[in-house]
Amino acid sequence: MTEFAMNPMAPAGTISPRVTLRWKTADSHANGDADKVSKAAVEALRHFHNTETAKGSSHQQIANTIQLLLQTYNNPRDRLIADRLNMLEIDAAEEGEDILAGSVSQFRDFFLMHPRLGFPKITLTPDGTLRVRWIHGEGHFFAVEFTGKPLLKLVAEVPRKQGVIAQHFSSEPIENVVAFAQAIGAALT
Amino acid sequence: MRWSRILARWLRAVGFATTQLKPSDHFFRHLKKTWIDGDFVEPAAFRLRTKDDGQIEKGLSVNWVEYFRKPTPQEAIGALIEIFRKKGRKAGPESRFALLNVGEAKNAAAKYTTVAVVLDKEKDDPSHALVTGYEKYNDQVAEELAKVIINKFPPV
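Sequence order for the protein chains is G and F. The first sequence begins at 1 in the working numbering and counts up by one. The second sequence begins at 190 in the working numbering and counts up by one.
Some hints could be false.
[To be verified] DSS-like cross-link-like pairs, simulated, lysine-lysine; straight-line CA separation at most 27 Å:
hint	chain 1	residue 1	chain 2	residue 2
1	F	K276	G	K121
2	G	K149	F	K325
3	F	K275	F	K247
4	F	K310	F	K341
5	F	K279	G	K121
6	F	K240	F	K336
7	F	K325	F	K259
8	F	K276	G	K161
9	F	K341	G	K161
10	F	K300	G	K121
11	F	K300	F	K211
12	F	K240	G	K149
13	G	K121	F	K341
14	G	K121	G	K153
15	F	K259	F	K240
16	F	K336	G	K153
[Said to hold, decoys possible] Stretch by stretch, here's where chain G covers chain F in the computed footprint (C-beta under 8 Å, at least three residues):
hint	segment
17	249-263
18	291-298
19	315-323
For the record, the hints were derived by calculation from the structure and aren't laboratory data. Yeah, the Cβ is synthetic: ideal placement off N, Cα and C, and Gly gets one too.
Please work from the sequences and hints to get the whole structure.
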């Protein structure tokens, strides 16, 4: 079972039986259970992308992202992410910083499509993009920067044998991020 | 040797040469609240920014701690905040000043490239300095600099 497996806490009645998989990641293909991708997320995102707010300002994007995070699965991780995003928006406004709308929409899509990933550190970069990082200790992390562009920026440090730490600086399309992390032995929990 | 020193001093005086901070010196990097999550400091805080014209900024903006001639770095923060205020820069109560040692920062960056920490005095900020020379390794050096933060101080 991958992180795409249907979350038992998904609200009833939100899943259309006709919803088909639109995002297939390398890992789900490899495991042969691509059809188990969260239909709730697909439905929620399809509905969202059909609305005008999908192309709105970063404030609209954040408001709608929070709403989707709270409604789609209603799990503890997504509530924490929603809280953190809300706080970041308030803090960014206080600091006079902008949050890129394109970065927010990638962030939203990524977490809705991966409900089993852990709750990461979430920060804003000086460039206005959202960045997340799963930290497991010194020399052991995986970071994703939602650039708002076709390629997301990835940074990882993964311990190998005899105290050696492998470092990765890379970029991948959003649908390849989890597969990339798995391939290099990084954990997103 | 003596003449070369005199020449270097003259070049610095007329603005043709830079004053590098000593390896034993320290600098502050101001961290906005949004660049921090608990104890974690976003390494992108040490990344050189791309300006609106597409050019990468010439160096990372930092402040030379020893300029303030205080017994401890923490005691320099009050004076630095006053400089920030005069420059029209905000240091929110939940922002932090990350303290780094010049030598350690240069060593950390040396994994990828050679960086310099040079004094870049401004009219209203004589402690202003720049970390320069890592445009080609922006993400990599930023990661390494974040690892050598000695301490983080709140604005007082």
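Structure-based check of all given hints:
no., hint, verdict
1, K276(F) - K121(G), "violated, 32 Å"
2, K149(G) - K325(F), "holds, 20 Å"
3, K275(F) - K247(F), "holds, 23 Å"
4, K310(F) - K341(F), "holds, 24 Å"
5, K279(F) - K121(G), "holds, 24 Å"
6, K240(F) - K336(F), "holds, 25 Å"
7, K325(F) - K259(F), "violated, 36 Å"
8, K276(F) - K161(G), "violated, 50 Å"
9, K341(F) - K161(G), "violated, 33 Å"
10, K300(F) - K121(G), "holds, 26 Å"
11, K300(F) - K211(F), "holds, 19 Å"
12, K240(F) - K149(G), "holds, 17 Å"
13, K121(G) - K341(F), "holds, 18 Å"
14, K121(G) - K153(G), "holds, 16 Å"
15, K259(F) - K240(F), "violated, 34 Å"
16, K336(F) - K153(G), "holds, 19 Å"
17, 249-263, "violated (count 0)"
18, 291-298, "violated (count 0)"
19, 315-323, "violated (count 0)"
Checked against the numbered hints above, the structure violates hints 1, 7, 8, 9, 15, 17, 18 and 19; every other hint is satisfied.
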